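Colleague: Here are the chains, one letter per residue:
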Amino acid sequence: MSLSESESRQIAESAMCRVLQTVMNSPVMALNTDDSRIPNNAIPCLEGSTSISHHRLLCTVRLQVPQRFAEMAIGLLFDPGDNRVSKIPAALDFVSELCNMVAGKVSEFWSSQGLICLIGIPTVRFNPDFKLDSGWNMEVGRTHWFCAGHWLGLVIETE
Amino acid sequence: MTPVKILSVDDSQTIRRLIGRVFRPFECEILEAENGEEGLSVIRSNRPDLVILDYNMPVMDGISFLRQIRADPDLRRLAVIMLTADSSPEKISIVARLGVRDYLIKPFLDAELLAKAGRLVKLVPRVIS
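Same order as they appear, the protein sequences are chains V and A. Numbering of the first sequence is given in this note's numbering, commencing with residue 332 and proceeding in unit increments. Numbering of the second sequence is given in this note's numbering, commencing with residue 324 and proceeding in unit increments.
Chain V extracted, bound-state conformation:
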């Protein structure tokens, strides 16, 4: 079972808007693949990944978030005096949870199709050389977003 490009974009749009607007309280803009504003320099990025599975489906959700976006979000969400964790583990956990929420919204689509899926536990990796423009058109189900001054990427792959 797979998604067409337009289905994938529609699901991504619904998921990203609902999650980011609630968490960040900030508007989210979807970008076209040929948008000239997309930066071509490498940016340190955190990439959250999780699976949505059913016996007829395996869907992977990968959320690409600049590290500075995650750090800014933590600064906005929590007290500056809350020093229980250092910045990097907090940023990793934030991206993991953001990925989990986006996967939850993607899973709603499959649920509406009668497929009750299991959502996996997200993993997060650090990518110091992430480039938004590389592989822009090469990856199926890839969409890009602008929120609170940062560019974000979302890949939804289905098998």
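Don't read these hints as lab results, they were simulated from the structure. Every value quoted in this text rests on a predicted model; they were computed, and no experiment measured them. Quick reminder that beta carbons are idealized off the backbone N, C-alpha and C, glycines included. A few of these clues could be false.
[What the hints assert, rightly or not] Here are a few chain V residues that face chain A, going by a calculated C-beta distance under 8 Å:
1) Ala421
2) Ser427
3) Met432
[To be verified] FRET-style restraints, in silico, Cβ to Cβ:
4) A:Arg442 <-> V:Gly445: 30 to 36 Å
5) V:Ala479 <-> A:Pro381: 45 to 51 Å
6) V:Asn372 <-> A:Ala434: 39 to 45 Å
7) A:Thr325 <-> V:Pro375: 25 to 31 Å
8) V:Arg368 <-> A:Gly441: 43 to 49 Å
Guided by the hints, dock chain A onto chain V, whose structure is given.
Modeller: Just chain A now, with coordinates in the frame of chain V:
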């Protein structure tokens, strides 16, 4: 007055901190656990009034946690709100059968969580002297 004790059982520290922030204006003691197993241990030692529980966690998930507390005569009436990214009606039905009092889908608004918690425990505004 004894503050209301609220236990957040979630593997995400982000969510546990968000819950702490939501209840900060009220006379509450916020307890935390990273998974169901740790949650059971905190419940037995601290007797919270309300548990805000994630579904999908390593070590012990929310369902196993619920089955354990419902099987324990001392804990079976404990108020639980499920807080999860998973909104499938089947999962909601499973946890409802396990006595979950309410269900909240992530991401959540502070007001939604406060409204649901306020129906189960008495939230008294914190007086700042």
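Colleague: Of the numbered hints stated previously, which ones are contradicted by the structure, given in increasing order?
Modeller: 5 and 7
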